[in-house]
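Colleague: The listed protein sequences derive, respectively, from chains R and U. 1 is the number of the first residue of the first sequence in my numbering; add one for each residue after it. 233 is the number of the first residue of the second sequence in my numbering; add one for each residue after it.
Because the hints were derived from the structure by calculation, they are not lab data. Hints may be right or wrong, so weigh each one.
What the hints assert, rightly or not - Subject to a maximum C-alpha distance of 20 Å in a straight line, what follows is the list of computed PhoX-like cross-link-like pairs (lysine-lysine):
hint: 1; chain 1: U; residue 1: K262; chain 2: U; residue 2: K346
hint: 2; chain 1: U; residue 1: K267; chain 2: U; residue 2: K351
hint: 3; chain 1: U; residue 1: K262; chain 2: R; residue 2: K2
hint: 4; chain 1: R; residue 1: K3; chain 2: U; residue 2: K267
hint: 5; chain 1: U; residue 1: K267; chain 2: R; residue 2: K2
hint: 6; chain 1: U; residue 1: K263; chain 2: U; residue 2: K346
hint: 7; chain 1: R; residue 1: K3; chain 2: U; residue 2: K263
hint: 8; chain 1: U; residue 1: K290; chain 2: U; residue 2: K346
hint: 9; chain 1: R; residue 1: K3; chain 2: U; residue 2: K346
hint: 10; chain 1: U; residue 1: K351; chain 2: U; residue 2: K262
hint: 11; chain 1: U; residue 1: K262; chain 2: R; residue 2: K3
hint: 12; chain 1: U; residue 1: K351; chain 2: U; residue 2: K290
hint: 13; chain 1: R; residue 1: K2; chain 2: U; residue 2: K346
hint: 14; chain 1: R; residue 1: K2; chain 2: U; residue 2: K263
Treat the numbers as computed from the prediction; the structure is a model and nothing was measured.
Here's the letter readout for the chains.
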Amino acid sequence: MKKVIVLLLLAAFGYYLAATFFYIDFGISHFTNGVRDYYLAHTVNGLSVANTVTSIVVSFRGFDTLGEVTVLFLAASALGSILYKRRHKYEERVVLFPSSRIVQAGSKLLFPAIILLGVYVFIHGHLSPGGGFQGGTIIATGFLLMLLAYQDYHVSHNILSIVESMAGILFVTFGLLGFIGGGTFLENFLPVGELGDLFSGGVVPIIYILVGFKVGAELTGVIYTVLNEKDI
Amino acid sequence: MDNSLQYLEIGFYGSAIILILVGLYGALMKKSLIKIVIGLSIIDAGLHLLMISIGYIKNGTAPIFSGEDFVVAGNMVDPVVQALVLTAIVIGFGVTAVALSLVIRLYRHHGTLKIDEIKNLKW
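In isolation and in its complexed conformation, chain R is listed as follows (with noise of 0.2 Å):
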């Protein structure tokens, strides 16, 4: 019976949601003359900054940035906290099964080169895909490999925090250094450089290297709490 209803809500709910997005034409631009060409425009003459994205995420949108940089933070002290259990020393992880050895020995041959991807794709955010949060992504992605492979493999959650505060608080006083002449909050005040460059695009190269390394401490964090998870 409860089955049944919950069908006939899903079937409505797709009619409804398939009838209004199907009547939106497909495959043409909704904003012409509006905020898409702006962006695209102001993107190459006013900022140098080759990934749009990027530079909508970082300068157009900076601001909102930092409400997701802190949203996300938000989320990760929450799960610290309603996992926390006190804890005086360090024990092994409990597994199922122990890695093999060739699991051990590939994962510390990989484990420098995923940093270094990771390093690489937040640095080149604005000229490339890619970006601080992407690239935070694969830096935790590293250390998750070498938590599975090592069960008494251990990160510093002091210096996980230090490089977290770090990064935001840098990220808060780039903003308030664009009211250096007048401007607004996040303004860009570095020169700007030559579209393509690797030193391009003034401030926002900066701040996408220090979201990516709040993100990937973050990330690490999270994923340290919940495999030191236990009592099953």
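With chain R's structure known, arrange chain U on it following the hints.
Modeller: Just chain U now, kept in the frame of chain R:
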């Protein structure tokens, strides 16, 4: 509107709506708390696909100025929805992490993951 574009429209919008419906079904009908959280993340994935496909432009390129001759801005897909989806993915991660930690706490307290066996939730 030519034929291939129409197939593309049906493919994108249709699969996004199907993902949303599958996720809603899982969140409404499943008994296990883990499966409910998985259903919520499937709804997330469907919403992201829906937003991205609204921003699609026929024969459009990625909104990145690259190459020797920098690509003209005229036929780039909408970057605004892509930036919004980037935000939405991060928020979705946060929601999933907090929901899973609450599931762990519930399991620790009640010793089960079935919502119909947790009596305190009845109303």
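Colleague: Against this structure, judge whether each hint is valid.
Modeller: Results of checking the hints against the structure:
no., hint, verdict
1, K262(U) to K346(U), "holds, 9 Å"
2, K267(U) to K351(U), "holds, 19 Å"
3, K262(U) to K2(R), "holds, 12 Å"
4, K3(R) to K267(U), "holds, 17 Å"
5, K267(U) to K2(R), "holds, 18 Å"
6, K263(U) to K346(U), "holds, 5 Å"
7, K3(R) to K263(U), "holds, 13 Å"
8, K290(U) to K346(U), "violated, 47 Å"
9, K3(R) to K346(U), "holds, 17 Å"
10, K351(U) to K262(U), "holds, 17 Å"
11, K262(U) to K3(R), "holds, 11 Å"
12, K351(U) to K290(U), "violated, 54 Å"
13, K2(R) to K346(U), "holds, 17 Å"
14, K2(R) to K263(U), "holds, 13 Å"
Consistency note: the structure conflicts with the earlier hints numbered 8 and 12.
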